[in-house]
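Here is what each chain is made of, one letter per residue.
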Amino acid sequence: MRDGLTVYTVHGQLGYGVSRKSMARAKEDFDIDVLAADAGSIDSGPHYLGTDRANPAEKMIERDLRIALKARDELDVPLLISSVGTSGSDAQVDKTVDLMERIAAEEELQFKYSYIYTEVDGSVLKDAVRRDAIRELDFEKELSTDDIDESDKIVAMVDEEPYVESLENDVDVVIGGRSIDVAPFAALPIKQGYNRGLSYHMAKIIECGPIGADRKSGAKSMVGEVADDFFEVVPPEGRATTESVSAHSLYEKTEPDTIYLPTGEVKLTNSKYEQVSDRRVRVEGSEFRESEVTTYLLEGVRLVGYRTISIGGVSGPEMAAKIDEIADAVEEQVDHLMKEDEDYHINIRKYGHDAVGLFDTGTGPLTCEELGIVIDSVGETQKIADKACKIAKVAFLHHEFDERYNTSGNMAFPFSPTEFSVGEVYEFSVHHLLEATSSEAVYELRYGEIDRWGVEAG
Amino acid sequence: MPTIADVATIVRSKNAGPFKITFDIFFESTDAYRRAKKRGVISRDSVSRLYSVPGEDILGIYELDDLDAIKISMKRPLPAGDISDTDTHGSQQHAELLRIEI
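Residue numbers (the numbering used here), protein chains in the order written: chain A, 124 to 581; chain B, 1493 to 1594.
One should not assume that every hint holds.
To be verified - Okay, derived cross-link-like pairs now, DSSO-like style, lysine-lysine, Cα gap no bigger than 27 Å in a straight line: (1) A:Lys390 <-> B:Lys1567; (2) A:Lys150 <-> A:Lys390; (3) B:Lys1529 <-> A:Lys390.
Since the hints were made in silico from the structure, they are not lab data. All values derive from a computational prediction rather than experimental measurement.
With the rest of the complex left out, here is chain B (with noise of 0.2 Å):
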């Protein structure tokens, strides 16, 4: 089955200041985008599963037509330059986005 490693082109997460995440998935076709639209694969509930956090810690997921985008912001679990922080970027968290099935 496909994921979305194979129907996108970018897939990239960033610190949104020190105690927010924010994800980009930018689709390689409006046709790979309105399907993942349709089947609501990236929703509140799968990505809070995906990343185990709690829904409420999910700030928002946007539907970008314009662009065949889709944005994911949430809370980091730890602020960035926590004694314990293992991505001060927050850069490289995208991997779990990339093996979702599509």
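Just chain A, same shape as in the assembly (with noise of 0.2 Å):
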């Protein structure tokens, strides 16, 4: 029977700070045989895909970065890292090469890398609807051209094959596009031969790092151990138990006892947990089944606008009992002065009303005097935008009512500017399942190496 092999979870989100004791720790408890993250989330939403743009400041990023780097080069073991730049796009891919690059020049560390670009062109997908390779997953509508003639940009979610496919070429740091969070963290388990039910599973409890530790315990990180017939979790400090690893395995998805993979699903109805430790979780029985066809999830983006807000509050019984009508007769007069071509949409968020439910579940009578005001104004220009924003900032400011009292003004404003552009609005314009017929189609890997000498294009 093997050895076994231990996978360590850097953080549970890089960009958010890594913890340097944990590493430490980990460094001295464990025998790491690779380091992983996932930097990326969709829970962000799509604006990030939209602008390029990474959710964590730049500075954390590249302190988590380094921090990674270093390990990896004083463990001489493989750092594998998905979805980089929150959205995984081809221009974070880029961006986050050359800070590793940078990195690795101040910190003259050597090693060979690979990239993974997933951005998918349009053409591809308008090949696969013509050929009915595209499926809807649940209460989503089927992909029309339309819906990829305008989307900006488009990524799939690959799985762990590109990163194998490194390892195998003996890669010591990869920089994923979008992945499957999984991916890092089952890749060597994979390549090593081991059961794919069980490191499918591993991975996807300690790919969230500390979250499938016992809450209350202090875990900072966590170390997932794959041996042939079972695998086993415990943070570097604090604990898993077996309620908080599988209560880990509700955490947003929809189904409690499957894992949707492009290449297939893992059964966890006969998973078993074990708590062999006060620390430490075992767990086995988790089943991958291999599906006939490939699918990978696509996440697509449109620009839908821009917007602008403006930021109030109100503060008296006789505001809130009126705001309803107020904001009302505020889009009848933003209506009014903006002209028939411009197009635009206006919505009065109301916070301590009815701001924050998603559902139409009726409130109560207000029982609060103070209310949050943000009027939120989005404009096919960010010119339109400002300038439905400011109607209704003056309209709301200045509207007369019957039980008005104060004549001065409807709103506090806490800032001077009173309205802010935010700018592009995105929305989700793909979210389909691709079959695909060979995985060209939704990746590309490229090598590189950094010597002493500088860098040299793969």
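Take the two lone chains, each set in its own frame, and fit them into one complex as the hints suggest.
Put into structure tokens, the structure is as follows:
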């Protein structure tokens, strides 16, 4: 029986502050075989893919990447990072590779690397639509060629395949575009022939870092150890419990017992969780079922306009009592003053009343006197959004109503200026499955090397 | 009358992708979980009424005996990032569940 393989999660989300202490502890207590991190998320919404901007601060991304690269050098193990720059766009891959090269020069590191582009051209998708190779997920509509044409950018979520290929070519650092979150964690185990069900399930638990651990135990990162018939998870500090690990399997998933992957699914129906020490949990029984066709999830975004907002507050029961009437009157006034050909959308968000709920559950009687108001204006151009917002703000400020006492103005502005251009607004235009005939259609893998005399492109 | 708020340790909501939202209720004891199950307080019907959604928008309601937990998954009324979105992560939609009488 083999020794087993140890995967260390550098951080649940690269750029949010790798714990140096936790990493030092991990280096000491474990025989780490690979360092992995997921740097992306769709949680943050379509904006990041649309604008090629990362969610974490640039300096934080640099800090975390530097810590990871130095640790990799010290341990001489591979470092795999997926979905760089939040969206995993090609531009973010390039940016991250540049950053990596700069850090390598500053820290005098040498290594072989690879990078994975995962943006997909519209023509590839149109071709797929023609041969009926696009599937929609629950509640989503069929993908049309218009959706594809209107999309500014589309990425495919690749699986561990390009990471495994990189490892087979003796690469030390992999900078991945958009990938499934388990890819960098499952790559080495799968390459070494460990059971796929166990590898993927372990990856799913540890990819979020300490979230699979007991939340009150002070865990900062996570270690996964895979063996032939089971895997174990344990944080370098704090503890994992059977409750924390099995509860984490529910997080952000619609179904409790299935992990969907491009090449199949992992069934957790027969998974057994055992507390083997007060800190460590063993899992066995997770089964991978290969599907006949490989399907990749595609994420695409389209620009829908530009946003401008104004933030203010109202205080006083007479304001709160009439807030819906005031908001309606404001929208009417904006409609009256905007031109026919100016395409805009205005939304008065009333915090303290009905601004948070996504569902139409109705609200009880207003019990608070103070409300937060966000005037949200989206327009075809930034200028149109600005105009609609400014008209709304003035209309709100001076709206006359029956029970009005305060004739000075209906809004308390915390800031000067009173409106802010937020910028581009994107929506998801593609969120469909692509049945791939060959993986060359969805990713492009490239190699490079850093040596003492500077960077040589591969 | 006690509500879910009185017998649950975790009641959370979160997006599962941009088009779906999932809720998890972890009960404080196996007893409380079994009582909730027995009384059928969380059903397709009750959830549909509570969140004002048609039954077919509810993907599934899962009873997890090993965890003393119930999961509810459904369609998001608006996709995440829609210009009228109120909660891009879907993480503050749990309040209705807290009020369920048990």
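Here's how the hints hold up against the structure:
1. Under the criterion of a C-alpha separation no larger than 27 Å, the hint pairing Lys390 (chain A) with Lys1567 (chain B) is consistent with the structure, at around 23 Å.
2. In summary, the hint linking Lys150 (chain A) to Lys390 (chain A) is not supported, as the alpha carbons are separated by about 32 Å, beyond the 27 Å threshold.
3. For the proposed pair Lys1529 (chain B) and Lys390 (chain A), the alpha carbon gap of about 24 Å is at most 27 Å, so the pair holds.
Checked against the numbered hints above, the structure violates only hint 2.
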